[in-house]
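Asker: Here are the chains, one letter per residue:
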Amino acid sequence: MTADPTSTEQPGGGRALAAFTVELDVYSGPYEGLLALILKDELEIFEVPLRELVTLYRDTNPPGPPGESPGALERDTDFVDSATSLVLLKGRALVPTAEVEGEEAEDEAPSPQDLEERLVTYLKIRRGAEALAERFAQNAGLYASGHFLRPRPERLVVGKERLAKAARRAFSRTAEPKVSHLGPITVTLQELAALIRTSLVRGPLSFEDLVRDMDRLRSAVAFSAALSMAAEGRLTLSQSEPFGPLTLEPTE
Amino acid sequence: MNGERQEITPDRAAASPAARIEAILLVSPQPVPLPALLSATALPEPEAREAIEELKSRYSPAASGIVLREVAGGFQLATNPLCSAAVERFREEARPAPLSGAAHEVLSCVLYLGPLTRAAINAARGVNSDAVVRNLIDRNLLIEAGHDQNRPGTPALLDVTEDFLLAAGARNRDDFPALDDIVDPEEISRVRERVGRLDGETDRLESTQKGGKE
Numbered sequence: 001m002t003a004d005p006t007s008t009e010q011p012g013g014g015r016a017l018a019a020f021t022v023e024l025d026v027y028s029g030p031y032e033g034l035l036a037l038i039l040k041d042e043l044e045i046f047e048v049p050l051r052e053l054v055t056l057y058r059d060t061n062p063p064g065p066p067g068e069s070p071g072a073l074e075r076d077t078d079f080v081d082s083a084t085s086l087v088l089l090k091g092r093a094l095v096p097t098a099e100v101e102g103e104e105a106e107d108e109a110p111s112p113q114d115l116e117e118r119l120v121t122y123l124k125i126r127r128g129a130e131a132l133a134e135r136f137a138q139n140a141g142l143y144a145s146g147h148f149l150r151p152r153p154e155r156l157v158v159g160k161e162r163l164a165k166a167a168r169r170a171f172s173r174t175a176e177p178k179v180s181h182l183g184p185i186t187v188t189l190q191e192l193a194a195l196i197r198t199s200l201v202r203g204p205l206s207f208e209d210l211v212r213d214m215d216r217l218r219s220a221v222a223f224s225a226a227l228s229m230a231a232e233g234r235l236t237l238s239q240s241e242p243f244g245p246l247t248l249e250p251t252e
Numbered sequence: 001m002n003g004e005r006q007e008i009t010p011d012r013a014a015a016s017p018a019a020r021i022e023a024i025l026l027v028s029p030q031p032v033p034l035p036a037l038l039s040a041t042a043l044p045e046p047e048a049r050e051a052i053e054e055l056k057s058r059y060s061p062a063a064s065g066i067v068l069r070e071v072a073g074g075f076q077l078a079t080n081p082l083c084s085a086a087v088e089r090f091r092e093e094a095r096p097a098p099l100s101g102a103a104h105e106v107l108s109c110v111l112y113l114g115p116l117t118r119a120a121i122n123a124a125r126g127v128n129s130d131a132v133v134r135n136l137i138d139r140n141l142l143i144e145a146g147h148d149q150n151r152p153g154t155p156a157l158l159d160v161t162e163d164f165l166l167a168a169g170a171r172n173r174d175d176f177p178a179l180d181d182i183v184d185p186e187e188i189s190r191v192r193e194r195v196g197r198l199d200g201e202t203d204r205l206e207s208t209q210k211g212g213k214e
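Taken in sequence, the protein lines are chains A and B. Mapping of the first sequence onto our numbering: residues 1 to 252, in sequence order. Mapping of the second sequence onto our numbering: residues 1 to 214, in sequence order.
Just chain A, same shape as in the assembly (with noise of 0.2 Å):
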């Protein structure tokens, strides 16, 4: 099972969640936004200390005696959720893939001499992980005095080779794309948006009843031709809330 580790909403329609607010070395502001940035990829899962967000959600809500803190059961159960999924997620983004080194592919355990190794040689890098975490610090606030300089334009020099690419790139006609793998063609933009005119006459539209009966392809090209007609300003198309009923209404 993976649960939305965003799903944070209350079943009175509160967010359980949302007055916690975290400060890591990646970032600081709401769990909630730690949440989101997480799954639009923005934020490395890998960066994102968990041992550290536990510790700091046990600190912020610390356990009371029962029935004293309202709503302290959902809050924690969502906390339980999310961080549980966040595990997950950072579990299986440090699975290794399977693209290994040559002869180590094998599925074989490794022997103790070669465990052996590899743990020694983990070791090491670990140590030297740290003193280099070290020095990073030390070094760290130290801006130079001088600051980057455009280059001036008669300064800018093309090489020969560069310049014979670029003409050549330039002079050069593109190759036509094969097509020979495309089917032929059973629908078209001007079709569909024909019959999205012809039913906006009656009034506005739902776009599930205008796709109801179509393919997936007629759908596809529906939706394209209803953006055309849209950017036209030839109708409006109206959402309620994200991933909401469409509707496409006449502009005049």
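If you are wondering where the hints come from, they were derived from the structure by calculation, not from laboratory data. Here the structure is a predicted model, which means the values were calculated and not measured. Please note: incorrect hints may appear among the correct ones.
Simulated DEER-style distance windows between Cβ atoms [unchecked claim]:
(1) B:Pro96 <-> A:Phe243: 53 to 63 Å
(2) A:Gly159 <-> B:Gly65: 35 to 45 Å
(3) B:Arg194 <-> A:Glu241: 24 to 34 Å
(4) B:Pro96 <-> A:Thr60: 19 to 29 Å
(5) B:Pro177 <-> A:Glu241: 54 to 64 Å
(6) A:Thr188 <-> B:Ala145: 43 to 53 Å
(7) B:Pro152 <-> A:Gly159: 43 to 53 Å
(8) B:Glu50 <-> A:Gln138: 49 to 59 Å
(9) B:Pro96 <-> A:Lys165: 30 to 40 Å
Yeah, the Cβ is synthetic: ideal placement off N, Cα and C, and Gly gets one too.
Based on these hints, arrange chain B on the given structure of chain A.
Answerer: Using the frame of chain A, we list chain B on its own:
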């Protein structure tokens, strides 16, 4: 004004070797290698080195808001880290978020075992590090420095960058302690001992299982 044309030439005698070097370092955002300094200042190497030593003592971190660093194969003037808070307030910019433990491990892999392919980094760490590598490339601390021609698909080889040396305050790759010197030999012995014990346990379990079957 007597109408005579005065020739304006820089008075080279007035600018000391230290002043000339200082001026070049001031306008350069990147570390300036010694040969470039010699070429720009027209100074002989011993004189330039002497001037650099003079600048080093003038820009000591205890006495100045500017420090002279010898990093990434050259010399650089930078602000004193003790003044970083004021500089960041003035420039209205926050210091980049520190790197995670995973990122330091990947850098350590590449620095000490590299140049390495992504697969080799994953194998060394035992976990998928692709996202961390991507982040480090974005931060210009790692770079694709070639291709491993001996592997199928000639995967890219990753190496550390000049920005990495700058961030670590290192003159070059040799400026880091050897990997064997970082780890306590006792710690390595403990790992070997544990693996040995694990191996013994596995043997014992296997023989018990065989005995049970017989």
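Asker: So, for every hint listed, does it hold in this structure?
Answerer: So, going through the hints one by one against the coordinates:
Under the hint 53 to 63 Å, the C-beta atoms of B:Pro96 and A:Phe243, about 37 Å apart, miss the expected range. Against the hinted window of 35 to 45 Å, the Cβ-Cβ separation of A:Gly159 and B:Gly65 comes to about 43 Å, which satisfies the hint. The hinted window of 24 to 34 Å between B:Arg194 and A:Glu241 is violated, with their beta carbons roughly 56 Å apart. Range check, B:Pro96 to A:Thr60: Cβ separation about 27 Å, and the 19 to 29 Å hint holds.
Here the CB-CB span from B:Pro177 to A:Glu241 is close to 59 Å, well matched to the stated 54 to 64 Å. A beta carbon spacing of about 51 Å between A:Thr188 and B:Ala145 agrees with the range 43 to 53 Å that was offered as a hint. The hint said 43 to 53 Å for the Cβ distance between B:Pro152 and A:Gly159, and at roughly 33 Å that hint is violated. Range check, B:Glu50 to A:Gln138: about 28 Å between beta-carbon atoms, so the 49 to 59 Å window is missed.
As the Cβ distance of B:Pro96 to A:Lys165 is approximately 37 Å, the hint placing it in 30 to 40 Å holds.
When each numbered hint is compared with the structure, violations occur for hints 1, 3, 7, 8.
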